[in-house]
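K.L.:
First to last, the protein sequences are chains A and B.
Here the first sequence is numbered in our numbering, starting from 31 and rising by one per residue.
Here the second sequence is numbered in our numbering, starting from 80 and rising by one per residue.
Treat each hint with caution, since some may be false.
[Said to hold, decoys possible] Where chain B lies over chain A, by a calculated footprint (3+ residues, C-beta under 8 Å):
{"no.": "1", "stretch": "46-53"}
{"no.": "2", "stretch": "79-92"}
{"no.": "3", "stretch": "105-117"}
{"no.": "4", "stretch": "142-154"}
{"no.": "5", "stretch": "183-195"}
{"no.": "6", "stretch": "206-215"}
[What the hints assert, rightly or not] Capping the alpha-carbon separation at 25 Å, the derived lysine to any residue pairs in SDA-like fashion look like this:
{"no.": "7", "chain 1": "B", "residue 1": "Lys286", "chain 2": "A", "residue 2": "Pro192"}
{"no.": "8", "chain 1": "B", "residue 1": "Lys150", "chain 2": "A", "residue 2": "Ile103"}
{"no.": "9", "chain 1": "A", "residue 1": "Lys121", "chain 2": "A", "residue 2": "Val80"}
{"no.": "10", "chain 1": "A", "residue 1": "Lys64", "chain 2": "A", "residue 2": "Pro190"}
{"no.": "11", "chain 1": "B", "residue 1": "Lys185", "chain 2": "B", "residue 2": "Ala172"}
{"no.": "12", "chain 1": "A", "residue 1": "Lys64", "chain 2": "A", "residue 2": "Ala104"}
{"no.": "13", "chain 1": "B", "residue 1": "Lys185", "chain 2": "A", "residue 2": "Asn90"}
{"no.": "14", "chain 1": "A", "residue 1": "Lys64", "chain 2": "A", "residue 2": "Ile191"}
{"no.": "15", "chain 1": "B", "residue 1": "Lys185", "chain 2": "A", "residue 2": "Ala97"}
{"no.": "16", "chain 1": "A", "residue 1": "Lys122", "chain 2": "B", "residue 2": "Ile156"}
{"no.": "17", "chain 1": "A", "residue 1": "Lys121", "chain 2": "B", "residue 2": "Thr159"}
{"no.": "18", "chain 1": "B", "residue 1": "Lys185", "chain 2": "A", "residue 2": "Asn153"}
{"no.": "19", "chain 1": "B", "residue 1": "Lys185", "chain 2": "A", "residue 2": "Met213"}
{"no.": "20", "chain 1": "B", "residue 1": "Lys286", "chain 2": "B", "residue 2": "Phe246"}
{"no.": "21", "chain 1": "B", "residue 1": "Lys185", "chain 2": "A", "residue 2": "Pro98"}
[What the hints assert, rightly or not] Output of the computed footprint for chain A on chain B, the stretches with three or more beta carbons under 8 Å from beta carbons of chain A:
{"no.": "22", "stretch": "162-175"}
{"no.": "23", "stretch": "195-204"}
{"no.": "24", "stretch": "271-277"}
{"no.": "25", "stretch": "280-288"}
Since the hints were made in silico from the structure, they are not lab data.
Note that beta-carbon positions come from the ideal geometry of N, C-alpha and C, so glycine has one too.
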Amino acid sequence: MSNLFWIFISAAIVTNFVLVYFLGLCPVIGVTNKSDTGLRLGLATTFVMVLASLAAWVLNTFVLATAPFLRVIAFVVAIASIVQIVELFVKKTSPSLYRELGIFLPLIASNSQVLGMTIFQTNRGYTLPQGLMFAAGGGLGITAVLSLVGGIRERTELAPIPAVARGPALVFMIAAALSLAFMGFAGMGAA
Amino acid sequence: MSMIKKETSSPKSAGAVLTRGLWHENPVLVQTLGLCSALAVTNAVANSLAMGLATTFVLVGSSIIVSTLRKFIPHQIRITTYILIIATFLAIADMLLEAIVPDVHKAMGPYIALIVTNCIVLGRQEAFASRQPVGLSILDALGNGTGFTIALLMMGIPREVLGNGTFLGLHVMPKSFEPWVVMMLPPGGFFMIGVLLLAANWRDLRKRTRDRIARALATDVETPPREAPEPEVALV
Numbered sequence: 031m032s033n034l035f036w037i038f039i040s041a042a043i044v045t046n047f048v049l050v051y052f053l054g055l056c057p058v059i060g061v062t063n064k065s066d067t068g069l070r071l072g073l074a075t076t077f078v079m080v081l082a083s084l085a086a087w088v089l090n091t092f093v094l095a096t097a098p099f100l101r102v103i104a105f106v107v108a109i110a111s112i113v114q115i116v117e118l119f120v121k122k123t124s125p126s127l128y129r130e131l132g133i134f135l136p137l138i139a140s141n142s143q144v145l146g147m148t149i150f151q152t153n154r155g156y157t158l159p160q161g162l163m164f165a166a167g168g169g170l171g172i173t174a175v176l177s178l179v180g181g182i183r184e185r186t187e188l189a190p191i192p193a194v195a196r197g198p199a200l201v202f203m204i205a206a207a208l209s210l211a212f213m214g215f216a217g218m219g220a221a
Numbered sequence: 080m081s082m083i084k085k086e087t088s089s090p091k092s093a094g095a096v097l098t099r100g101l102w103h104e105n106p107v108l109v110q111t112l113g114l115c116s117a118l119a120v121t122n123a124v125a126n127s128l129a130m131g132l133a134t135t136f137v138l139v140g141s142s143i144i145v146s147t148l149r150k151f152i153p154h155q156i157r158i159t160t161y162i163l164i165i166a167t168f169l170a171i172a173d174m175l176l177e178a179i180v181p182d183v184h185k186a187m188g189p190y191i192a193l194i195v196t197n198c199i200v201l202g203r204q205e206a207f208a209s210r211q212p213v214g215l216s217i218l219d220a221l222g223n224g225t226g227f228t229i230a231l232l233m234m235g236i237p238r239e240v241l242g243n244g245t246f247l248g249l250h251v252m253p254k255s256f257e258p259w260v261v262m263m264l265p266p267g268g269f270f271m272i273g274v275l276l277l278a279a280n281w282r283d284l285r286k287r288t289r290d291r292i293a294r295a296l297a298t299d300v301e302t303p304p305r306e307a308p309e310p311e312v313a314l315v
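Based on the provided sequences and hints, a complete structural model is requested.
P.N.:
Below you can see the structure in the form of C-alpha cells.
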C-alpha cells in the first residue's frame, strides 16, 4: 500500500513529467495562456493516461512478450485508438464537455507524455495497480504544472517585459524556475 | 502538433531546401519544435549527438517512404500512416543504437522511443514530404535533421562543459573550476533553451530594426524633406 502511495507521489511531484522528464512541452507553451485551459487539458491527459496505462499493461502481458521490438508501434496505435474512442464517447454522452475539450483531445494522441508514461511503466516492470497509480500521479503532476505555468503567465501579461523576452523564451525561464523549485523534492521516497 | 506551422517560405532551389532547416528555419531555435527530446538528452555531448543522428535517420527514412507513397496514402488516415512509418524507422534506429553504442543507448533510455512523438519528424512529413518529390524530400529531411543536431549540440556542449567540466567525457576545464551541477539537472535544460531562444529573439529583433532603419534611410534619399527616423526604433 505504501509502495503504491510513493509511486503516486513520486510521479506527481518528485519526478514530475514536465519539469523533470521534459515530457509534453508543446502543450506547456501552446495552451498555458490561461490557468483554466491548462487545468482542463491536464485533466483530459490524466484520463487518457490512466486508460493508456491499462492498455499498455494488457499489451505487455498478453501480446508483446514474444515481440518486444513492436512495442512502440503497438503503444502508438493503442494510444491513438484510445483517444479516438474517448473522443467519440465524450461527444455522445456530454456534448458540452466535448465542446470545451474539443480541440485538446486529438492533440493528446501526439503527446509524448502518454507514450513516455507507457514506456517508463514497461521499463520499470510495474504491475497493473502500480502502473495505474503511476499514470494517475503523472497526470495530476502535469495538471498542476500546466495550471501553475498558466497562472504565472496570466500575471506576466500586464508586466512590463522587454520585447526580447516575450514568447517561448519567457515560458522556459518560468519553467526553469519551477523546475528548480521542484528539485527541492528530489530524494523524497525512493520509489 | 498544434505547433506545426505553415511553410514560411517556398523553396527556390535544391540547395535552399537543404540549407533552410539548418539555421533560418531551424526546427528547435526558430520553430520551437521537438523540445521534449531536445531538453531531455542534452546533458552530455555524446547523447546529444546520438539523439540528433538517430532523429535525422528516422526523418530521412520516413521522408523517403512518405514521399514515394504520397499519391497512394488516403488523405483521411494520413497522420496514422505517417506515425506507423515513423515508428518502423524508429525501431530500426533503436536497434542500431543498441548495437553500436550500448552505453549511450542506456543513458538515453526511453527518450529514443519518444522520437515518434517528435513534432519535427511528423511536421516535415505533413508539410513537405507528402507534397514534394523524393529527391527534394531527402534534402529537406537532411537539412532539418542536421539543424536539429546543431541545436542539440548548442545545448549539449555548454551543459556538459559547465555542468561537469568535461567535453565528450574528457576534462577540459581547469582543476580549480567548480562544476555547475545544476546545468546537468533538468532546470539547467530549461534555462539553456531559454537563453538560446533569448539570443535568437535578440538577433531577430536587431535584424528587423536594422532593416527598418535601412528602409527609412533609402526612402530618405528619394524624398529628402522627411523628419527624423521613427522614434520607436531602438537598438536592443
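K.L.:
Each of the hints needs a verdict: does it hold here or not?
P.N.:
Now for the hints, and whether the structure bears them out:
For a cut-off of 8 Å, the count of residues in the stretch 46-53 of chain A with a CB near a CB of chain B stands at 5, and the three-residue condition holds. Residue count for the stretch 79-92 of chain A with a Cβ under 8 Å from a Cβ of chain B: 0. That is fewer than the three needed, and the coverage hint is violated. Only residues whose beta carbon comes within less than 8 Å of a beta carbon in chain B count, and the stretch 105-117 of chain A has 3; three or more means the coverage holds. For the stretch 142-154 of chain A, the proposed coverage by chain B is satisfied: 6 residues have a C-beta within less than 8 Å of a C-beta in that chain, meeting the threshold of three.
Beta-carbon proximity to chain B at under 8 Å applies to 4 residues in the stretch 183-195 of chain A; the threshold of 3 is reached and the given coverage holds. Look at the stretch 206-215 of chain A against chain B: 5 of its residues bring a Cβ nearer than 8 Å to a Cβ of that chain, three or more, so the hint holds. For the given pair, B:Lys286 sits about 17 Å from A:Pro192 by alpha-carbon distance, which is consistent with the 25 Å threshold. Of the supplied pair hints, the one linking B:Lys150 and A:Ile103 holds, its CA atoms being roughly 24 Å apart against a limit of 25 Å.
For the suggested pair A:Lys121 and A:Val80, the alpha carbons sit about 19 Å apart, so the restraint of at most 25 Å is met. Taking the CA atoms of A:Lys64 and A:Pro190, the gap is near 18 Å; set against the 25 Å cutoff, the hint holds. Of the supplied pair hints, the one linking B:Lys185 and B:Ala172 holds, its CA atoms being roughly 14 Å apart against a limit of 25 Å. Using a Cα cut-off of 25 Å, the hinted pair A:Lys64 and A:Ala104 is violated, with the two alpha carbons roughly 35 Å apart.
Taken as a hint, the B:Lys185 and A:Asn90 pair is honoured in the structure, with Cα atoms around 21 Å apart against an allowance of 25 Å. Restraint check for A:Lys64 and A:Ile191: satisfied, since their Cα atoms lie roughly 18 Å apart, inside the 25 Å limit. Proposed proximity of B:Lys185 and A:Ala97 is supported: the alpha carbons are some 20 Å apart, at most 25 Å. Proximity of A:Lys122 to B:Ile156 is assessed by CA-CA distance (about 22 Å); at most 25 Å being required, the pair is judged to hold.
Under the criterion of a C-alpha separation no larger than 25 Å, the hint pairing A:Lys121 with B:Thr159 is consistent with the structure, at around 21 Å. In summary, the hint linking B:Lys185 to A:Asn153 is supported, as the alpha carbons are separated by about 12 Å, within the 25 Å threshold. Our distance criterion of 25 Å between C-alpha atoms is met by B:Lys185 and A:Met213, whose separation comes to about 23 Å. Between B:Lys286 and B:Phe246 the CA atoms are separated by roughly 33 Å; this puts the pair beyond 25 Å, and the hint is violated.
For a cut-off of 25 Å, the pair hint linking B:Lys185 to A:Pro98 stands: about 16 Å separates their Cα positions. Check on the stretch 162-175 of chain B: 8 of its residues sit with their Cβ under 8 Å from a Cβ of chain A, so the three-residue criterion for coverage holds. With 5 residues having a beta carbon nearer than 8 Å to a beta carbon of chain A, the stretch 195-204 of chain B meets the requirement of three or more and the stated coverage holds. Under a criterion of three residues with beta carbons nearer than 8 Å to beta carbons of chain A, the stated coverage of the stretch 271-277 of chain B is upheld, 4 such residues being counted.
Counting residues of the stretch 280-288 of chain B whose beta carbon lies closer than 8 Å to any beta carbon of chain A gives 3, which meets the minimum of three for the stated coverage.
When the structure is compared with the earlier hints, violations turn up for hints 2, 12, 20 and for no others.
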